Amino acid sequence: MSLKIDTNISKELEDKLSENFNILDKIRLYDYQHNWKLFVERINKTRKPEFAHNDRYLIDHHDTDYYMPHCPYGLAMFNFTRTCLNEDIPMHTVIIVTNHIGLKKELKLLLPDHSGQPTIIDKCFTAFKNIRSGINLPKFDHHVHQITKHGISMMGLPRAHRHILFRQLKERHLLNKYAVSYRSDPYKEVGNSSNKNKLNDH
Amino acid sequence: MITRIYTFPHTPINDAWNFDGRINGSPSVSYKDRIIEGKIPTGFGPNKQTTLFCDFYKNIAIDIVTETVFEYPYAVISEKTIRPIVHKKMFLLVAPPGTLAMLHSFGFKTFGDFINEDYDDIQDPCTRIEFIVNELDRISKISIDEIQQIIIKYKSTLQHNYNHYTWLCNNEIDQIVSELCST
Numbered sequence: 066m067s068l069k070i071d072t073n074i075s076k077e078l079e080d081k082l083s084e085n086f087n088i089l090d091k092i093r094l095y096d097y098q099h100n101w102k103l104f105v106e107r108i109n110k111t112r113k114p115e116f117a118h119n120d121r122y123l124i125d126h127h128d129t130d131y132y133m134p135h136c137p138y139g140l141a142m143f144n145f146t147r148t149c150l151n152e153d154i155p156m157h158t159v160i161i162v163t164n165h166i167g168l169k170k171e172l173k174l175l176l177p178d179h180s181g182q183p184t185i186i187d188k189c190f191t192a193f194k195n196i197r198s199g200i201n202l203p204k205f206d207h208h209v210h211q212i213t214k215h216g217i218s219m220m221g222l223p224r225a226h227r228h229i230l231f232r233q234l235k236e237r238h239l240l241n242k243y244a245v246s247y248r249s250d251p252y253k254e255v256g257n258s259s260n261k262n263k264l265n266d267h
Numbered sequence: 033m034i035t036r037i038y039t040f041p042h043t044p045i046n047d048a049w050n051f052d053g054r055i056n057g058s059p060s061v062s063y064k065d066r067i068i069e070g071k072i073p074t075g076f077g078p079n080k081q082t083t084l085f086c087d088f089y090k091n092i093a094i095d096i097v098t099e100t101v102f103e104y105p106y107a108v109i110s111e112k113t114i115r116p117i118v119h120k121k122m123f124l125l126v127a128p129p130g131t132l133a134m135l136h137s138f139g140f141k142t143f144g145d146f147i148n149e150d151y152d153d154i155q156d157p158c159t160r161i162e163f164i165v166n167e168l169d170r171i172s173k174i175s176i177d178e179i180q181q182i183i184i185k186y187k188s189t190l191q192h193n194y195n196h197y198t199w200l201c202n203n204e205i206d207q208i209v210s211e212l213c214s215t
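Protein chains in written order, with the numbering used here: chain A, 66 to 267; chain B, 33 to 215.
Calculated from the structure, these hints are not laboratory results.
Possibly wrong hints are sitting among the right ones.
Capping the alpha-carbon separation at 16 Å, the derived lysine to aspartate or glutamate pairs in EDC-like fashion look like this [as the list claims (entries may be wrong)]:
#1 A:Lys91 to A:Asp71
#2 A:Lys188 to B:Glu204
#3 A:Lys110 to A:Glu152
#4 A:Lys81 to B:Glu204
As the structure is a computational prediction, the values presented were derived from the model and not from experiment.
In isolation and in its complexed conformation, chain A is listed as follows (with noise of 0.2 Å):
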């Protein structure tokens, strides 16, 4: 079976990783998370049985892990680690790549000592393409004459601080100073035709 092959890592880092170290493989975990048996799968084509000193696997840990209430580590981070140890991938060998500043903490609790620690890359702001989707953009030109609301929020996918929100700027009569877009639950829409339309009613 074969998984998405891109990560989300920039090409920049990646270009600059591989001058500096053998990539054995570049990971993005969020696809194996519904199945590390794919995981497994994929790091067997490309183990050694011995590495060499600059060998690595590239492990891109983007956007939000799982996190259960009062657990100090994250659903992904976990199953990674077992994963790793499980089949004696020396932990010397990956770089993580992650958003999550302060990650080190979780791997110190997740890793015994005698495993070592992977190194991770945690503290670069422009490692990921979306963050660097910026750079290209043309100049964007404006004066503060065309301003005619205070604010806009664009929201996205469905989720519940955005629900709030919007709810809160509607009750409070907020919604002619503030430009909204807001999409309700996808999931009420599917397969009610009538719905499609709802969007841009006021």
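Following the hints, complete the assembly by docking chain B onto the known chain A.
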């Protein structure tokens, strides 16, 4: 091995854990302000828009960025937070606590004299969002003319953020990988 268990409907978000039961459910009808036209610049990827530009964006003063997560143990930023930085707009983050502090640690400046940014220190998600909405309520009472003057006052901050973002994009990776290889 733990298998991820999805709640129904599928909610791959962390705030589903604790927000459930504390809100009255989501409004059932979608909404879009008349000012917002065309495709909304969200998301990133081969099948999504890669541009953050929208013409209506010039008509607004503050971008209220609703980040991917809100109740989360780490500060998180995405292209949503980059949008106002690149377009030299003021912003207010509906994001996990410490996200503004993280931006400061990377060298960005924010708008603490105008927007009360104490929300960034509030750990409880309900209290934090209530604080944010109160702040939006306060700002809404300021006239557009005054808001325009405030933006002029912050012009150098907005330009700094844009310049700093560009600098980071061009230089940061070299620095970090050099440090990594020298250790």
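Next on the checklist: Output the indices of the hints that this structure fails to meet, ascending.
Outcome noted: none
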